[in-house]
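K.L.:
Sequence:
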Amino acid sequence: MFLWGVAGAGYQSEGSAPASNWSAFATGYRDSADFLHRYPQDIELAADLGVQVFRLCVEWARVQRIPGEWDFEFYDDVVAKVRATGMRPMITLDHWVYPGWTGGWRNPRMTELWLTNADRVVKRYAGNGTIWITFNEPTVYMAHEIRMRRFSPMMPGRMARAHKAAYRLIHETDPEALVSSNVAYIPVVNRLVDLGFLDRIAGSIDFVGIDYYYDVTPGNLTALHGATGKPYRIDPEPKGIYRALKHYARRSPQLPLYVVENGMPTDDGQPRPDGYTRTDHLRDHVYWMHRAQSEGVTVLGYNYWSLTDNFEWGTYRPRFGLYTVDVERDPALVRQPTDAVDAYRDIVMHGLPAGYRPKK
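Heads up, the sequence shown is in numbering that gives the first Met the number 0, so the first residue is 0 and it goes up one at a time.
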């Protein structure tokens, strides 16, 4: 069965963030989309799409605010509500955020501390089809740590050891579970990205999780805007998801693939100047994903990033949500459906429109 899903992350969508490595850097954070208090509504919005997977992060900084003490009440209810709708949780253990008291990956005990938390989370939520992501986009995670001057040369090795130990733990607890660490497909340098982490954990993943947002071609170099914090200025390259899937199918022919994240940012919720809509973007990428499948690439599922607009690591300007939320101007944080809500529901239920051809 092919799995359709939606995705989000703790720090980016929950609001009321506890002290963490991001606390000193995330100026203007506000309460984000306030998933912390509005999660029943958001889970119902996802279920209404007909999707089978709801990706979330069990935020370590929230469940262990001080050493030795855990509080899982919030996530207990979130996971229970996700399961009650018939969706499977895809749980991320680390989406770039850790408690401030740990000292981060420069701390020689960080792997041990990280695994102590992972042990609690895994044993609490394993089973019932839960899918696991250990580290979200680990090489981008490392890049953020460099930017925040918290990076240690020991970080890649410590993270790789943590992943491998978590992989064993998950399979001891739930032998049928699927486990991975999603890789960001970064044009031109994706092979170096693979060397940075994916190669280190070879043999300890059950599928290759791929985040695809943009590509570089001779006629489209706009992906450079991704490095300047303006992803909404990138000209989408839908066929790139086909190239990404084919690349990882060749690289890891023994493993299935899963599109863990794919979506399109708009500039503060405004229409794109070229008229390319969120529906166009969604359908075009699904078209090329299906093309890869028709050529023998095994793809387990696809998650749309993201269910709602959220905090994009320093700004609310890029809007990725199926439901738009104007955090800076709407105190009610109303979830307004974009055109892609109906389009995604129709894809989940019926597939692409008959005879569909890509707009780009």
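Hint data in this document are derived by calculation from the structure and do not stem from the laboratory.
Just so you know, these numbers come straight off a predicted model, no measurement behind them.
Incorrect hints may appear among the rest.
Computed cross-link-like contacts, SDA-like style, restricted to lysine to any residue with a CA-CA straight-line distance of at most 25 Å [said to hold, decoys possible]:
| id | residue 1 | residue 2 |
| --- | --- | --- |
| 1 | Lys122 | Arg160 |
| 2 | Lys238 | Asp341 |
| 3 | Lys80 | Gln335 |
| 4 | Lys359 | Arg344 |
| 5 | Lys163 | Thr221 |
| 6 | Lys245 | Trp3 |
| 7 | Lys238 | Arg334 |
| 8 | Lys80 | Pro252 |
| 9 | Lys163 | Pro174 |
| 10 | Lys122 | Gln51 |
| 11 | Lys80 | Val340 |
| 12 | Lys359 | Thr172 |
| 13 | Lys229 | Arg334 |
| 14 | Lys359 | Ser251 |
| 15 | Lys163 | Val215 |
| 16 | Lys245 | Arg199 |
| 17 | Lys229 | Pro252 |
| 18 | Lys245 | Pro186 |
| 19 | Lys238 | Tyr286 |
| 20 | Lys245 | Gly274 |
| 21 | Lys245 | Ser293 |
| 22 | Lys245 | Thr172 |
| 23 | Lys122 | Leu2 |
| 24 | Lys229 | Arg29 |
| 25 | Lys359 | Gln253 |
| 26 | Lys163 | Tyr286 |
| 27 | Lys358 | Val215 |
| 28 | Lys163 | Asp273 |
| 29 | Lys122 | Thr172 |
| 30 | Lys359 | Val298 |
| 31 | Lys359 | Thr221 |
| 32 | Lys122 | His170 |
| 33 | Lys245 | Asp267 |
K.L.:
Now tell me, hint by hint, if it's right for this structure.
P.N.:
Evaluation of the provided hints:
1. Lys122 with Arg160: It holds: about 19 Å lies between the C-alpha atoms, which stays within 25 Å.
2. Lys238 with Asp341: At roughly 23 Å apart (the allowed maximum being 25 Å), Asp341 and Lys238 satisfy the hint.
3. Lys80 with Gln335: holds, 22 Å
4. Lys359 with Arg344: Given pair Lys359, Arg344 holds - Cα atoms ~22 Å apart, limit 25 Å.
5. Lys163 with Thr221: Given pair Lys163, Thr221 is violated - Cα atoms ~36 Å apart, limit 25 Å.
6. Lys245 with Trp3: holds, 20 Å
7. Lys238 with Arg334: Judged against 25 Å, a Cα distance of about 30 Å means the pair is violated.
8. Lys80 with Pro252: violated, 36 Å
9. Lys163 with Pro174: With Cα atoms ~15 Å apart, Lys163 and Pro174 stay inside 25 Å; holds.
10. Lys122 with Gln51: Distance ~22 Å between Lys122 and Gln51 Cα, so the pair holds.
11. Lys80 with Val340: Distance of about 21 Å is within 25 Å: holds.
12. Lys359 with Thr172: violated, 45 Å
13. Lys229 with Arg334: holds, 23 Å
14. Lys359 with Ser251: violated, 29 Å
15. Lys163 with Val215: Status violated; Cα separation ~32 Å.
16. Lys245 with Arg199: Satisfied, since the Cα-Cα distance of roughly 21 Å is no more than 25 Å.
17. Lys229 with Pro252: Outside the cut-off at roughly 35 Å; violated.
18. Lys245 with Pro186: Distance ~14 Å between Lys245 and Pro186 Cα, so the pair holds.
19. Lys238 with Tyr286: holds, 9 Å
20. Lys245 with Gly274: violated, 29 Å
21. Lys245 with Ser293: holds, 11 Å
22. Lys245 with Thr172: violated, 33 Å
23. Lys122 with Leu2: Distance ~24 Å between Lys122 and Leu2 Cα, so the pair holds.
24. Lys229 with Arg29: holds, 20 Å
25. Lys359 with Gln253: violated, 32 Å
26. Lys163 with Tyr286: violated, 34 Å
27. Lys358 with Val215: It holds: about 18 Å lies between the C-alpha atoms, which stays within 25 Å.
28. Lys163 with Asp273: violated, 45 Å
29. Lys122 with Thr172: Roughly 7 Å separates the two Cα atoms, so the pair holds.
30. Lys359 with Val298: Distance ~22 Å between Lys359 and Val298 Cα, so the pair holds.
31. Lys359 with Thr221: holds, 15 Å
32. Lys122 with His170: holds, 11 Å
33. Lys245 with Asp267: violated, 33 Å
Hint compliance for this structure: hints 5, 7, 8, 12, 14, 15, 17, 20, 22, 25, 26, 28 and 33 are not met, and every other hint is.
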